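K.L.:
Start from the sequences, fold in the hints, and give me the full structure.
Residue 194 in the UniProt record's numbering is what sits at position 194 of the sequence shown, and the numbering runs on without skipping anything.
Calculated from the structure, these hints are not laboratory results.
Take these hints with a grain of salt, some might be off.
With a straight-line Cα cutoff of 27 Å, these simulated BS3-like cross-link-like pairs (lysine-lysine) come out [to be verified]:
1) LYS122 with LYS64
2) LYS154 with LYS185
3) LYS122 with LYS18
4) LYS200 with LYS185
5) LYS185 with LYS122
6) LYS146 with LYS200
7) LYS43 with LYS64
8) LYS154 with LYS122
9) LYS18 with LYS175
10) LYS200 with LYS18
11) LYS64 with LYS18
12) LYS122 with LYS200
13) LYS185 with LYS175
14) LYS199 with LYS175
15) LYS146 with LYS199
16) LYS175 with LYS95
17) LYS185 with LYS146
18) LYS154 with LYS95
19) LYS95 with LYS64
20) LYS147 with LYS122
21) LYS146 with LYS43
22) LYS122 with LYS175
23) LYS185 with LYS147
24) LYS64 with LYS185
25) LYS199 with LYS122
26) LYS175 with LYS64
27) LYS199 with LYS95
28) LYS199 with LYS18
29) LYS95 with LYS200
30) LYS18 with LYS154
31) LYS64 with LYS154
32) LYS154 with LYS175
33) LYS43 with LYS95
34) LYS185 with LYS95
Predicted, not measured: the structure shown is a model, and the values here were computed from it.
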Amino acid sequence: MECIAEEQWIDWVDALAKDDYLVIDNFLNDEIYADLRRFFLSKLGHDEFDPAGIGALSDHHLDKSRRGDHVYWLDSNVDTHLSPVFEIIRDLIAKLNRYCYLGIADFESHLAYYPVGTFYEKHVDQFKDRSNRLISMIIYLNEGWKKGDGGELKLYLDDEERLVEPIAKRIVLFKSDVLPHEVLKTNVGRYSLTGWLLKKPAELGFLLG
Numbered sequence: 001m002e003c004i005a006e007e008q009w010i011d012w013v014d015a016l017a018k019d020d021y022l023v024i025d026n027f028l029n030d031e032i033y034a035d036l037r038r039f040f041l042s043k044l045g046h047d048e049f050d051p052a053g054i055g056a057l058s059d060h061h062l063d064k065s066r067r068g069d070h071v072y073w074l075d076s077n078v079d080t081h082l083s084p085v086f087e088i089i090r091d092l093i094a095k096l097n098r099y100c101y102l103g104i105a106d107f108e109s110h111l112a113y114y115p116v117g118t119f120y121e122k123h124v125d126q127f128k129d130r131s132n133r134l135i136s137m138i139i140y141l142n143e144g145w146k147k148g149d150g151g152e153l154k155l156y157l158d159d160e161e162r163l164v165e166p167i168a169k170r171i172v173l174f175k176s177d178v179l180p181h182e183v184l185k186t187n188v189g190r191y192s193l194t195g196w197l198l199k200k201p202a203e204l205g206f207l208l209g
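P.N.:
In structure tokens, the structure reads:
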């Protein structure tokens, strides 16, 4: 992420507060994006992704009829090659706390791979029994995405639906507890870093799908 003027951050934070979501293009610079994508493809090539589940804690289970992606949970102490990415996320948290007073304390994140033909049905990211998520975050890694490739994010706003195309280097932020959304069926593999900005320190998110 390049140096961004304070006025731009204020505009973005205002938009997130007003609309419940925010889309920023070219959020990552070329070098950091390329490193992140190479890391993703390396983990995918070494079969280090696991099927993602739905629900939290005792309700956590697999259901491919509702969710078909595979995930690799990230750990900043282990996945040190991605330190520049983690620093960008921490800077994002600092900006949101500064301009929006959200009190974000931590984040959790994973790499998400949607094979061809998979999707994630309409849902809200805030769990009934685990209410730690404040803001959901998706950074897309899909080079050359074009209409017909599928995998769009559909946001269910109060008075309309918004389709967000999974274009490389784009970040989407939205309120975890209020905005239903779904991932439409993919016609090509869909790559992203998906995460959540938390009001309390992360604990066992990697066990929860």
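K.L.:
Against each hint, give a clear statement of whether it holds in the structure.
P.N.:
Hint check results:
Taken as a hint, the LYS122 and LYS64 pair is honoured in the structure, with Cα atoms around 14 Å apart against an allowance of 27 Å. The hinted pair formed by LYS154 and LYS185 meets the criterion: a straight-line CA distance of about 11 Å does not exceed 27 Å. Distance hint between LYS122 and LYS18 is fulfilled; the C-alpha atoms sit about 22 Å from each other, no more than 27 Å. Only pairs whose Cα atoms come within 27 Å are accepted, and LYS200 paired with LYS185 is rejected, the gap being roughly 33 Å.
At roughly 12 Å between alpha-carbon atoms, LYS185 and LYS122 fall within 27 Å of each other, so this suggested pair holds. Between LYS146 and LYS200 the alpha-carbon distance is near 38 Å, which puts this suggested pair outside the 27 Å criterion. Restraint check: the Cα-Cα separation between LYS43 and LYS64 comes to about 22 Å, which is no more than 27 Å; the hinted pair holds. Of the supplied pair hints, the one linking LYS154 and LYS122 holds, its CA atoms being roughly 8 Å apart against a limit of 27 Å.
Of the supplied pair hints, the one linking LYS18 and LYS175 holds, its CA atoms being roughly 11 Å apart against a limit of 27 Å. Of the pairs offered as hints, the one joining LYS200 and LYS18 holds, with about 24 Å between alpha carbons and a cut-off of 27 Å not exceeded. In summary, the hint linking LYS64 to LYS18 is not supported, as the alpha carbons are separated by about 34 Å, beyond the 27 Å threshold. Taking the CA atoms of LYS122 and LYS200, the gap is near 26 Å; set against the 27 Å cutoff, the hint holds.
Under the criterion of a C-alpha separation no larger than 27 Å, the hint pairing LYS185 with LYS175 is consistent with the structure, at around 23 Å. With a C-alpha separation of about 12 Å, the suggested pair LYS199 and LYS175 falls inside the 27 Å cut-off, and the hint holds. With a C-alpha separation of about 36 Å, the suggested pair LYS146 and LYS199 falls outside the 27 Å cut-off, and the hint is violated. Distance restraint check for LYS175 and LYS95: the Cα-Cα separation of roughly 16 Å lies within the 27 Å cut-off, and the hinted pair is therefore satisfied.
Between LYS185 and LYS146 the CA atoms are separated by roughly 14 Å; this keeps the pair inside 27 Å, and the hint holds. With a C-alpha separation of about 26 Å, the suggested pairing of LYS154 with LYS95 holds against the 27 Å cut-off. At most 27 Å may separate the alpha-carbon atoms for a hinted pair to count; LYS95 and LYS64 exceed this at roughly 37 Å. For a cut-off of 27 Å, the pair hint linking LYS147 to LYS122 stands: about 21 Å separates their Cα positions.
A threshold of 27 Å between alpha carbons decides the hint, and for LYS146 with LYS43 the separation of about 25 Å falls inside it, so the pair holds. Our distance criterion of 27 Å between C-alpha atoms is met by LYS122 and LYS175, whose separation comes to about 15 Å. With a C-alpha separation of about 13 Å, the suggested pair LYS185 and LYS147 falls inside the 27 Å cut-off, and the hint holds. Straight-line distance between C-alpha atoms of LYS64 and LYS185 comes to about 12 Å, which keeps the hinted pair within the 27 Å bound.
Pair hint LYS199 plus LYS122 holds up; C-alpha atoms about 24 Å apart against a cutoff of 27 Å. Of the supplied pair hints, the one linking LYS175 and LYS64 holds, its CA atoms being roughly 25 Å apart against a limit of 27 Å. With a C-alpha separation of about 15 Å, the suggested pair LYS199 and LYS95 falls inside the 27 Å cut-off, and the hint holds. Pair hint LYS199 plus LYS18 holds up; C-alpha atoms about 20 Å apart against a cutoff of 27 Å.
Between LYS95 and LYS200 the alpha-carbon distance is near 17 Å, which keeps this suggested pair within the 27 Å criterion. Taking the CA atoms of LYS18 and LYS154, the gap is near 18 Å; set against the 27 Å cutoff, the hint holds. Annotation: proposed proximity of LYS64 to LYS154 holds, straight-line Cα distance about 19 Å (limit 27 Å). The suggested pairing of LYS154 with LYS175 holds, with an alpha-carbon distance near 14 Å, which does not exceed 27 Å.
Pair hint LYS43 plus LYS95 does not hold up; C-alpha atoms about 30 Å apart against a cutoff of 27 Å. Among the hinted pairs, LYS185 with LYS95 is inconsistent with the structure: their alpha-carbon atoms are about 33 Å apart, more than 27 Å.
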